[in-house]
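Enquirer: All letters in the sequence shown, in the order written, are residues 198 to 676 by our numbering.
Simulated from the structure, these hints should not be mistaken for laboratory data.
Ideal Cβ placement from N, Cα and C applies to all residues, glycine included.
Worth double-checking, as some hints may not be accurate.
Stated by the list, open to error - In silico BS3-like pairs for lysine-lysine, Cα to Cα no more than 30 Å straight-line:
hint	residue 1	residue 2
1	Lys450	Lys660
2	Lys578	Lys660
3	Lys450	Lys578
As the list claims (entries may be wrong) - Using C-beta positions, here's what the derived DEER-type ranges look like:
hint	residue 1	residue 2	range
4	Glu425	Ala342	23 to 33 Å
5	Glu618	Pro676	34 to 44 Å
6	Gly599	Pro622	36 to 46 Å
7	Ala287	Asp593	52 to 62 Å
8	Ile322	Asn602	51 to 61 Å
9	Gly556	Ala296	54 to 64 Å
10	Thr286	Cys201	33 to 43 Å
11	Gly599	Pro554	14 to 24 Å
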Amino acid sequence: MRNCGQLGTLLDGRAVPIDTWVPMPHMATVAIGPYRLRVELADEQTANAMPYDSTIPIVDGANLRVVPVPEQTLESLAELRLSGLLDVTARLAGADDEAGLEHALVDALVMIGDFSRAVVAERRIAGTVTSWGIRAAAAASSEDAAKPVSRTLLGEALDAGAMVRLDDNARFSGAESVMAAGTTAALAIPLGRKGRVLAVDTSERGARRASAAPFVNVVARLASLGLESLARRELSAELDEAHRAQARLLPSKQGTRGCVRWTMSSRPGLQVSGDLFAVFERPDRGSVVLLGDVAGKGAPAGMVMAATVAYAEAAIAEGAPLERVMQCIGTHIARGGAALEAKAGAFVTVFALEIAPDGTCCAVDAGHAMALLVRGGRVEKLEPEGGGPPLGAVIDFPYTSGPVNLAAGDRIVMFSDGISEQPNPAGVMMGYEPIIAALEGSSDTHEDVSRLLSLLERHAQGKPYVDDVTVASIVFERP
198 MRNCGQLGTL LDGRAVPIDT WVPMPHMATV AIGPYRLRVE LADEQTANAM PYDSTIPIVD
258 GANLRVVPVP EQTLESLAEL RLSGLLDVTA RLAGADDEAG LEHALVDALV MIGDFSRAVV
318 AERRIAGTVT SWGIRAAAAA SSEDAAKPVS RTLLGEALDA GAMVRLDDNA RFSGAESVMA
378 AGTTAALAIP LGRKGRVLAV DTSERGARRA SAAPFVNVVA RLASLGLESL ARRELSAELD
438 EAHRAQARLL PSKQGTRGCV RWTMSSRPGL QVSGDLFAVF ERPDRGSVVL LGDVAGKGAP
498 AGMVMAATVA YAEAAIAEGA PLERVMQCIG THIARGGAAL EAKAGAFVTV FALEIAPDGT
558 CCAVDAGHAM ALLVRGGRVE KLEPEGGGPP LGAVIDFPYT SGPVNLAAGD RIVMFSDGIS
618 EQPNPAGVMM GYEPIIAALE GSSDTHEDVS RLLSLLERHA QGKPYVDDVT VASIVFERP
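Please construct the entire structure, taking both the sequences and the accompanying hints into account.
Expert: Given below as structure tokens:
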């Protein structure tokens, strides 16, 4: 083609010099003034004989190496074919989950035609063993689908954190098998943050357009953003469900069970953190009260919280004493952490009370240490003897209880670290002393909870709660 100099002519995004003949590759885009044309050459041999600044090398031998694609090449956005990019974007936007997005990605890249195969591979590491799995693949033919994929190419892309290609200057492990299968060009680029790589290759001879590598690079970036968006959406849905499950397991804000009456409040933080509060009734009308906090965040913490309440209910129903209840819960958590989808070493801090119908009270503090005794308007820390580590930290730990002198009208206020460790805008945590001061002079369970929540709001000054916030005030009532 020749630019006659009247309207201005672009070939694949580049200005064509006036009065100069330039070759037109197959499937090139020509812009003449406001018009855009796509060149489709009927003679494939002629098309392949007309190279145009190819960034994808034609590999004729096995002496290859993996090299980064220059950043300036990846940023040649003017060379991208807008119509193809819009089509890929629409396909990615229509995906409902990660698998759907990855399959849409490889299908679209093969359909565009620069490469005859596209795969999404995932690196899996188990101890010292590294393996790769194919999550999605598309190919123009059965022969293309059967070709091997270079492990080195995939690994180099992840290690470099950028697009890499097969180059023809040095030998690398595995190149011979790839070349023997007929691969002439290949690219790989990291996809998201989960050890996944997008790889494209072809066995066709001849040059590809200069925009091939930038196009794949931008499409991979779009796919990575899509995967992150889906992950956030799935996490949000998961956290919402965990919040609802957590709320269903909590008792009402006010109630009576056995020989105790309570007022409580539980507010979610930025993530589900597994705060728990539960009141159980013994057959003799005595009561067992638990308030605790699961280590960790997110849905797994919510699952451990639910399991803790379930284990406690089962042990209490069997008539186990408070110390044995705590031991059973701790052992179940320590041995079943993986099944609960919790990280190794997950544990739960719990403050547990048992109050008999005659007012006799004992307590077990499993690493929680956040309970106060409110008596006659005065407040003191409740630090019973015995206790032990957080539940789940040690299998079959023999917890011991300590007596609590509980007089008529005395209240026990328990809370999670979402109150004591909430920072203000300056980053200063609440601490213990303001909590004690806020409760002095309080007259009943409702006022106890209301004062602490007001204290928290003043301290946070509008800053979101970084952790779940749970507070409960308990008072003994003879049945």
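Enquirer: Now tell me if each hint is right for this structure.
Expert: Quick rundown of the hints versus the structure:
Restraint check for Lys450 and Lys660: the C-alpha separation of about 24 Å stays at or below 30 Å, so the hint holds. For the suggested pair Lys578 and Lys660, the alpha carbons sit about 28 Å apart, so the restraint of at most 30 Å is met. For the hint pairing Lys450 with Lys578, the CA-to-CA distance comes to about 24 Å; that is within 30 Å, so the pair holds. A hinted range of 23 to 33 Å holds for the C-beta pair Glu425 and Ala342, which are about 29 Å apart.
Range check, Glu618 to Pro676: about 37 Å between beta-carbon atoms, so the 34 to 44 Å window is met. Range check, Gly599 to Pro622: Cβ separation about 39 Å, and the 36 to 46 Å hint holds. Evaluation of the 52 to 62 Å hint for Ala287 and Asp593 yields a pass: the beta carbon distance comes to about 58 Å. Separation of Ile322 from Asn602 is about 56 Å and conforms to the stated range, judged on CB atoms against 51 to 61 Å.
Hint check: Gly556 to Ala296, Cβ distance near 60 Å, so the stated range 54 to 64 Å holds. At roughly 35 Å, the beta-carbon separation of Thr286 and Cys201 lies within the given 33 to 43 Å, and the hint holds. At roughly 20 Å, the beta-carbon separation of Gly599 and Pro554 lies within the given 14 to 24 Å, and the hint holds.
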